[in-house]
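Student: Go ahead and model the full structure; you've got the sequences and the hints to work with.
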Amino acid sequence: EVQLVESGGVVVQPGGSLRLSCAASGFDFDDYAMHWVRQAPQKGLEWISVISWDGSHSKYSDSVKGRFTISRDNSRNSLYLQMKSLRSDDTAFYYCVRDNEGGSGSYYLNSWGQGTLVTVSS
Amino acid sequence: DIQMTQSPSTLSASLGDRVTITCRASQNIGLWLAWYQQKPGKAPNLLIYQASVLKNGVSLRFSGSGSGTEFTLTISSLQPDDFATYYCQQCTSYSTFGQGTRVEMK
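For the protein sequence lines, the chains are C and G, in the order given. The working numbering puts the first residue of the first sequence at 1, with every later residue one more than the last. The working numbering puts the first residue of the second sequence at 1001, with every later residue one more than the last.
Just so you know, nobody snuck in bad clues.
Pairwise CB distance ranges, derived in the manner of DEER restraints: (1) 1094(G) to 17(C): 21 to 27 Å; (2) 69(C) to 1028(G): 28 to 34 Å; (3) 55(C) to 1074(G): 34 to 40 Å; (4) 14(C) to 1079(G): 42 to 48 Å; (5) 62(C) to 1041(G): 27 to 33 Å; (6) 63(C) to 1074(G): 29 to 35 Å; (7) 1005(G) to 69(C): 30 to 36 Å; (8) 89(C) to 1005(G): 19 to 25 Å.
It is worth saying that the hints were derived from the structure and are not from the lab. The structure presented is a predicted model; accordingly, all values stated were derived computationally and were not measured. Heads up, the beta-carbon is just placed ideally off N, CA and C, and yes, glycines get one too.
Tutor: Quick look at the structure:
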C-alpha cells in the first residue's frame, strides 16, 4: 500500500523559512516523479512543484518560483520542500503526491499524503 | 497560464440522479486532463486521467469525456458516497486545477 506521510508544518512568521518532509513507503520511490500540491483552508487545490524521479529536473508554479525548492533523497525514500520568504497567502495544507508515472511525470496525481498545515502569521 | 473553469460551482442532486460536471480550458490541452474527488477533511483522490481513463478501483459509475478545451465528468447514478467536491486538472507541462464543483444533496 502506498503511504505518504508529510511533516514539518508549523506556525511561522511572515518572511520566515520552513522545510517540509514527506516519507514514502509501499512503492519504489525512485521510479516516480513527485509533487507538492497545496490547499488554503476552505479553498481549492493549487499545484506548486514537481521533481523528476532522479531529482535532475524540477518545475514550479509562478506563485512559489524563486522562494520554494523541491528536492528528494531516493536513498531515504523522502521528498522535501524548502520554503523561504513565506507570506500570509502561503498558509495552506501542503500535500505530498506521487505521480502516476516515472520520468519527469505526467502530472496525473495518483497517490496523496494526508497533508501538513503551514500557517504564516505574526 | 492555462485557466480551468468548472461549472456549476455547486450542484444539488438526489440519489440515483445522473450528474454531469463541465470543465473548460482556456487553450487546447488535448487529452491532458484529470478529475479528482475530495471529501471534507481528506486528501483528493484521482478518479480519471487522460480525460477518460478510469483509475483502477474507481467505480464504473464515473466516466470522463472530451478533448481540446471542453471536458465532462459524469456520475451515472449518484450514490451516498459520491457527495463530495470534484476538481478537474490540466496536466500539460505545468498544471492548474479548476475551482471545484461541490455536489450536495437536494
